[in-house]
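Asker: Turn these sequences into a full structure, and let the hints guide you.
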Amino acid sequence: MSKDDFLVVRGLKKFFDVGRPSLFSRRSRYLHAVDGVNFTLRHSEVIALVGESGCGKSTLALLLMGLEDPTEGTITYEGRNITHLNDHERKDVRRKIQMVFQDPYESLNPTQTIEDIITEPLIVHGFANNANREERVKKALEDAGLKPADVYLKRYPHELSGGQRQRVVIAAALVLEPEIILADEPVSMLDVSIRAEIINLLAELRITRQIAVIFITHDLGSVGFFADRVAVMYLGRIVEIGTMLEVLENPQHPYTKALISVIPVPNPRLRHERIILQGETPNPIDIPTGCRFHPRCPVALTACNVSDPPFVAQSKTHQTACLLLVK
Amino acid sequence: MESTTQPPEPQNQWMARFLEFWQTFKKNRNGLIGLGMLAFILLLAIFAPVIAPYDSSSTTSAGLSDIYNPPSAQHWFGTDDAGQDVFSNFIFGARISLTVGFFAAFISIIIGGVFGLVAGFFGGRWENFIMRFTDIFLVIPDLPLMVVIVALTKPSLLNIIFVIGLLGWTTTARVVRSQTLAVKSRKFVLRARAIGAGKGHIVIHHILPLVMPILVVQAVLVVSLAILNESALSFIGLGDPTALSWGQMLNYAFGRGAMSTGAWWALVVPGFGIVWVVLGLTLLGQGLEKVLNPRLETHHLMPGRLSVQKEAGTSASNKEFLLEVQNLSINYVTEGQAPARAVENVSFALKEGELIGLVGESGCGKTTLMLSLLRLLPAAGQIVNGRVFFNGKDLVTLSDEDLNDIRWSGISIVFQGAMNALNPVRTVGDQIAEAITKHLPAFPKEHLQTRVVELLDLVGIAADHKDNYPHQYSGGMRQRAMIAMALACNPQVIIADEPTTALDVMIQAQILDLLDSLRKKLGLAIVFVTHDLGVVAEICDKVLVMYGGVTAEYADVDVIYNDPKHPYTQELLKAFPDLTKPKKKLSSIPGYPPRLDALPAGCRFAPRCPAAIARCHTEQPALHKITDAHNASCHLIEASQ
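Order-wise, the sequence lines are chains C and H.
Residues 1 to 327 (this note's numbering) make up the first sequence, in order.
Residues 1001 to 1641 (this note's numbering) make up the second sequence, in order.
Treat the hints as calculated values from the structure; they're not laboratory data.
Ideal Cβ positions, reconstructed from N, Cα and C, are used throughout, including at glycine.
Among the hints, erroneous ones may be present.
Chain C regions said to be covered by chain H (calculated; three or more residues, Cβ under 8 Å) [what the hints assert, rightly or not]:
#1 121-133
#2 259-266
Within a straight-line C-alpha distance of at most 30 Å, the following computed DSS-like cross-link-like pairs (lysine-lysine) qualify [to be verified]:
#3 H:Lys1574 x C:Lys96
#4 C:Lys139 x H:Lys1584
#5 H:Lys1574 x C:Lys147
#6 C:Lys316 x H:Lys1585
#7 C:Lys257 x H:Lys1584
#8 C:Lys147 x H:Lys1584
#9 H:Lys1584 x C:Lys91
#10 C:Lys154 x H:Lys1026
#11 H:Lys1184 x C:Lys91
Answerer: Dropping the structure here:
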C-alpha cells in the first residue's frame, strides 16, 4: 500500500432485493444500484463523481458512509478495512468521514438552534464536556463562512437563507475535524449566484484543513476549476476516470462527450451542437447486455451489445471503458 | 433579526418559544374560546371549597322537603335526590371528573406515545407486533370491555382511571407511529446517523421534538374522551359511589326519579358540565392543531385584486407584439403594514415565436410577475399599476369571465415541480383530456382521445404511455406531460416557470430542445423563468434580468452576455461556471437579495454592488435606454453617457 492510498474502493457492489417479477416466479429480482465501482482517493484530493440520477452515485455515498451495507467489495480507509463495521467500530470512522447533503432545507432539524446543530456531533462523540467545546463550535461556524459566529448561534434554520443553511451543514461536518467530506449534490438546490460560494468554500477547506472531498453531482459544469479528478458514472459503474482537464478537454467515452456537450455555455455566440441522448438512464433492474450504455450510445457498434468493455488507459491517470478504444 | 433579540439563557429560550407560540395561538378564536372554557372549569374545580355555597359532605341532615327543590335563591340550581345543593355538587364533581380525565389521559398518552414511537422508529418485527396488538384493541368495543373490567374489580376511582387509561391509547399509538414514520424519513435524521448518532440520541433529539406537537393535540382530545368514558361508566352505575362525579350525579338523578318528578335541573346541570368541558377541549384541540401542525394552513392562488383605474395609463398596445407588458407594478398588502413592493415598473414585449428569459435569484419577483400576467396572484397581491396587453386586450382590466377565456387557450403555464402539479391518482392521459374539456367545453368528445395522443406525440411521449399514472413516468417525462397539458388548448404564449430546474443536465437539454422545437413548429411565444443564466444563453432571444422586483437589465441575449451594462448582470455571469475556462475561479455575489419589507432606499442592488457610489445608496436609478433594444437601471450608465 502506498502512502497515497487514503481511501480505496474495490469492486464495490450494492444490490437491492426488489422482490419477484410475478407471484409465481421463484427468481428474485435485484436492483443493481452500484455494480462494481473501483477508485482511490488520495490525501486532500478532490474527486468529482458525475452522473445522471439513477446512476448509483447517491447509493455509493451511503455505502462509503456506512449507512448502507455493501453486497460485495471492500472499502479500505488508511489501510483498515471498513466495509462492514458494527456501530461501535463505525463511530470512530464516522468522525473522519463526514457528509454534506443535497437539500439544506431538509437536512437541518427545524426545532434545533444553530448552536444545537453544531454541538450535536460533539455530544454524540463524547467531546461535549471538553473545555474548548464552545470554541470548537464557533471555529467550525467561522470556518464555514458564518462570521461572526455569535450572531448565528441562537438562530433557527428557518431564519437563514439556503446558502447559509448549507454552510451550517458544512460547519456541523467540520466540527469533528474530518479528513474526508462527502458532498452529495451540495449546490443543486441553490441559486446559481450562491453555488459558487459553497464550491469555493469547499475548495478553501481542502487547502486550509487538508480535507479530501468526494463531490457528487449531475452537473459536470460545476466541478470545473475545483476537482482534481473526475469520475463519470453510468448505471452503477464508473465509465471514465481521469484528471479534470483530461476528462473535460479530452473526453473519450461517448457518454462523457454527450454530458459535456449539453453543459450550458453562458454565451450565445458559442452555441454549439449538443449531443442529446434520447430517453433516460435505463432501469437498474434490467441492466442491458454488453456495454450498459449501448442502447443510448450514438456511436454503438454491433459488438457493443455482446461484450462488456474493459478499462482502456489513455494515460497513467486517464481510463475509459469503451469498446471503441480497444485496439 | 439581530442577535440582541435572541435571549441568551436556555430558560428564556423556552420562554421565547412559548411567546412565539402564544402569538400565533391567540389569533385563533376557537382555540381561545376553548382555552377560556377550560380555564373557567379548572378554576371552579381548584377553588371549589371557596366558591361552592354548601359543603359537599353536608348530606345527612336533609329532610324530605329538601329533595328535588327547584332552583331558588338558596339553591341556585335546586337540590338533588338527597337534598344536596346541585350547584355545589356540580363544582365538586368537576374536581372528580377532571381528575379522572387528566390522569387516565396521562396513562393513555404515555402508553400510546411509547408504542407509537417504538413501532414507527424501529419498524420490522416490533412494528408488526405492536400494530397488530393495537388493531386487536381497536376492534374490541371499549365501553363493553370497560364495563366488564370495572364490574369485575372494586369500583374505586383509581381502578376507573387505570381501566380508562389502559384502553384509550390506541388512536394515540397510531397517530404517533405515522408521525414518527414521517419524521424518520426526513434528511436530518439521515444526517444525524451520518454524524454517528445512536438510536436513542436520534429519538430524543430529532424524533420526539417533532412528534410532541401532535402528541399535545392528541392529549387534549384523549382527555375529553376519558371524561366522557368516566361519565358513561358512572351513569350505568359502575362508578365509585363515594366520588360524586358528573356522571355519578346523572346516575343518581336518573335512577332516583328526577325524570318522573320533573326535576330537570338535577340532570341538566351535570350534563351541561360534561358538554362544556368536552366542547372546550375540542375547540382547544383544534386551535392547537392549527398552530402546531402548519400543514393545515391553506394557501390559495386567487385572482389578484385590482386597484388600477380603468382610465389610467394612456399608452396603447403595439400591434407588432403578441404580449406586451407595460410598467407593471405589484404590491403585497398586509393589514397594518406598509405594502411590499414586489414588482415595480417592469416592461417587456414578445413577438410570435420569440423566447424571452426572465432571470434572477430567488426572491427577485420573477414568480410574482409571471403569475400576475394571468392575475393568478395570492390574495394579498395587487396589481397597482401597468398594463398587460395580449392581442391588443388589456388583461389587467379585463373582466374575470373574459380573462378566463384567455387562461389556457391564449396563455398557459408550465409549472415548476412536475410531480406536485400532476394528480397522482389519475392517468396522465385523463389529466390532459381534462385540461382540454375544462377550457374548451365544446370540444367534441369523440376526438378527445385522438387529441390527447396528438399532444403526447408533440412532446415526445409514445401513445402507449397515455394510460400510465404520473409515478410510472420519469422526471423528464412528467415535465413533458406538463408541457403537453399547457399546449392542450393551442395557446399562443406559454409561461414556463423554472421548467428544468430540478432535472439532470441531460434531461434539461432534452426539455430545452423540445421547447425550442415547439416554438418553431407552432409559432409559440415563450416566457422562460429561471435563475440559470446558462439555460437562457442556450435558447432565448431576449433576456430580462430582474433584481429585487425591478428591471436590472433588458436586452437581446447577445448583448446580455457580451456587453452587459448592469453590475448585477456582470456579477451573475461571473458566478456562472464556464466550461470553456475550466481553471477560472468562480466568484459569488456576497449577500442576499433584499427582503421585500426592507427594501434599500436607493438602488436595490447597491448593498451588494461592487461598483456602488454614494448616490446609489440614496437614489433609485431610472431605467436608462442605452440602445433601442437595451435598457438598464444603473446610475453608472447615466454617468458614462
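Asker: So, for every hint listed, does it hold in this structure?
Answerer: Structure-based check of all given hints:
no. : hint                 : in the structure
1   : 121-133              : holds (count 4)
2   : 259-266              : holds (count 7)
3   : H:Lys1574 x C:Lys96  : 34 Å, violated
4   : C:Lys139 x H:Lys1584 : 29 Å, holds
5   : H:Lys1574 x C:Lys147 : 24 Å, holds
6   : C:Lys316 x H:Lys1585 : 27 Å, holds
7   : C:Lys257 x H:Lys1584 : 21 Å, holds
8   : C:Lys147 x H:Lys1584 : 26 Å, holds
9   : H:Lys1584 x C:Lys91  : 39 Å, violated
10  : C:Lys154 x H:Lys1026 : 25 Å, holds
11  : H:Lys1184 x C:Lys91  : 21 Å, holds
Checked against the numbered hints given earlier, this structure breaks hints 3 and 9; the rest are met.
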